[in-house]
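Line by line, the protein sequences are chains A and B.
Just so you know, the UniProt record's numbering puts 212 at position 212 of the first sequence, and the rest follows in order with no gaps.
Just so you know, the UniProt record's numbering puts 307 at position 307 of the second sequence, and the rest follows in order with no gaps.
You may find that some hints are simply not true.
Since the list gives no way to pick one copy over another, a pair counts as held whenever it fits inside one copy or between any two copies.
What the hints assert, rightly or not - Taking lysine-lysine pairs in the DSBU-like style, the calculated list, with each CA pair at most 35 angstroms apart, reads:
#1 K199 with K62
#2 K61 with K272
#3 K48 with K199
#4 K289 with K48
#5 K55 with K218
#6 K199 with K289
#7 K48 with K272
#8 K199 with K6
#9 K272 with K218
#10 K199 with K90
#11 K218 with K61
#12 K130 with K289
Calculated directly from the structure, the hints in this document are not laboratory data.
Everything numeric in this text was worked out from a predicted model, so none of it was measured.
Each chain, letter by letter, is given below.
There are 2 protein chains.
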Amino acid sequence: MSASVKVFAPATVANVVCGFDVLGFAINAPGDEVIMRRTSSPGIRITKITGDEGKLPLDPKKNTVSSSVQHYLNHIGQPELGLEIELHKKMPIGSGLGSSSASTVAGLFAINTLMDGLLSNHDLIPFAMKGEELACGYGHADNVAPALLGGFVLIRSYEPLDILRLPFPEALYAAVVYPEVDVPTKDARAMIRSKVLLKDAVTQMGNVAGLVAGLFMKDYDLIGRSMQDVLIEPIRSILIPDFYVMRDLAMANGAISFGISGSGPSVFALCKSQETAAQVTALLQTRLKTSGIKSLAFVSQVNSEGPKVIS
Amino acid sequence: MSASVKVFAPATVANVVCGFDVLGFAINAPGDEVIMRRTSSPGIRITKITGDEGKLPLDPKKNTVSSSVQHYLNHIGQPELGLEIELHKKMPIGSGLGSSSASTVAGLFAINTLMDGLLSNHDLIPFAMKGEELACGYGHADNVAPALLGGFVLIRSYEPLDILRLPFPEALYAAVVYPEVDVPTKDARAMIRSKVLLKDAVTQMGNVAGLVAGLFMKDYDLIGRSMQDVLIEPIRSILIPDFYVMRDLAMANGAISFGISGSGPSVFALCKSQETAAQVTALLQTRLKTSGIKSLAFVSQVNSEGPKVIS
């Protein structure tokens, strides 16, 4: 067992337009970092959090990083293990990019690394879902699973949990833009109707199936034309400034698809090259600036490895 | 241009449990046969229909075989072409096995063969959908598309029409049993609610995505566990005698999945071998007989070629 470790865990784009609650993918940047150290005194302490603008609790019972790690320790029969955690947030909170998930996954990957990889990343998913339950009031897997496994991930079923990594084209880049407006996950979920038209569900089923087929076939055109959402986007897009203007801009400038990341307000476009992704983010940011809205942008290849040990 | 041709078109299993209106596959048997002859007198005549117990109209305007062929002839600019059609029904009507679709596809494949393959089978789909509209009052594609293309077919979208052939494991056999009770497609559709719970739609999306992934991965277990239907089966199964008893029987005897074919009353099980499929059909037929219900059974590998010229 090592004495300390520093790890990175990636941000994630959940839903992927047509895959509400069942699809997600990881991106190389941004992501969170966790430094974890063994200590002789029992219990978990959070010694430092940076990059959170004071928003996250240092109380280990209330922070998703430490609470997930505690679940892990309980599971392996070492509930009193002494640990110090530093969390370095390198991404905005409440952005729709799986911020809590990146922290949770970083914490779990760190403790599992200290335990010499006792569990597989796949086996860490249930512990990470406990973290999401604390952070969002709902133990979803569409951020933590891609953050842990890398790549595109399908949550086929929650009961029983059945999670599957999908192949994807190597040259696939995400242009992510976070308009700095506040859309809490809980509110974004509350807007959604509990009933939908069967015909819309059928449309969505066709699109999800098409997206999965497109990923297997590495068919960009099929991926792109399958990424349409008749269930959620028409509602959630209301909360996002200039959503349809941004979509038109992205699609007119080489993106193969465009949509809301998670519950927003971040938006993303998938592109075939880093150059196109960079150009698209620049255009979207300029547009938002015209509307008086600050934004952050990230250009990244789809992440294929999940969390990793750094330095 | 040939003077005459005899063709076979396969029966199909639409919906495939979790893929309501978006998935279907073709089977090698049963299927319909059409003999088509060029004549010097203009217009289409149906000279003979066998195997329909007198149920199908000889009037070429009212029969799906001839009306689809007429749409084809109009399209290629030969609306007055003289044709004689014999339709030999080799499968039950109203069974949920795509009976009208098999006849329509046989007719279209026959005329297209006489025209030296002017159009691709894929391009025949819209004409076949016109036939379905006449037969069922609804121009669906989930029977005609697999009947024309063979194999598993995804209807990603109806507007615009976007239809995709999916790969599947070579060793995949369908055990099909048709309980001889009457369930007209129109009635079976009328029972379905126009609104569904979003959470059920999400469950179904996960299953459809899992089934598509399972087909690409040739993963029988994933195919099997993805074939669950929370939207339609709970309602339609009411019309099918002993449905859940038959499901338990099939699953306990080696089937990887079990469900309703199309809108019923036929049921089908997917199996890894012809022997298992034969055993499952025997058990299901015995069970139905115990309940006083006559049945027909078909054991067939999944069809990979679609319609074909015979003799």
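Should K199 paired with K90 be assigned to within, between, both, or neither, using CA atoms and 35 angstroms as the limit? Between copies only: 33 angstroms across chains, 41 angstroms inside a chain, cut-off 35 angstroms.
I want to check one pair: K199 and K289. Are their C-alpha atoms no more than 35 angstroms apart within a copy, between two copies, both, or neither? Neither way: K199 and K289 sit 38 angstroms apart in one copy and 37 angstroms across, limit 35 angstroms.
How do K272 and K218 come out at 35 angstroms by Cα distance, when the copy is not named: within, between, both, or neither? both (11 angstroms within a copy, 28 angstroms between copies)
When Cα atoms must be at most 35 angstroms apart, do K218 and K61 count as within-copy, between-copy, both, or neither? neither (43 angstroms within a copy, 44 angstroms between copies)
Can you tell me if K61 and K272 fall within 35 angstroms by alpha carbon in one copy, between copies, both or neither? Result: close neither inside a copy nor across copies, 43 angstroms intra and 50 angstroms inter.
If the cut is 35 angstroms between Cα atoms, do K130 and K289 qualify within a copy, between copies, both or neither? neither (38 angstroms within a copy, 51 angstroms between copies)
Can you tell me if K55 and K218 fall within 35 angstroms by alpha carbon in one copy, between copies, both or neither? neither (41 angstroms within a copy, 47 angstroms between copies)
Intra/inter-copy verdict for K289 and K48 if alpha-carbon distance must be at most 35 angstroms: Within one copy only: 34 angstroms inside a chain, 72 angstroms across chains, cut-off 35 angstroms.
Taking 35 angstroms as the upper bound on the Cα-Cα distance, should K199 and K62 be classified as within, between, both, or neither? between (42 angstroms within a copy, 29 angstroms between copies)
At most 35 angstroms between C-alpha atoms: does K199 with K6 qualify within a copy, between copies, both, or neither? neither (49 angstroms within a copy, 38 angstroms between copies)
Using 35 angstroms as the alpha-carbon threshold, which applies to K48 and K199: within, between, both, or neither? neither (50 angstroms within a copy, 39 angstroms between copies)
Could you place K48 and K272 in one of the four classes (within, between, both, neither) given a Cα distance threshold of 35 angstroms? neither (39 angstroms within a copy, 56 angstroms between copies)
Against the hints set out earlier in the document, violations occur for numbers 2, 3, 5, 6, 7, 8, 11, 12.
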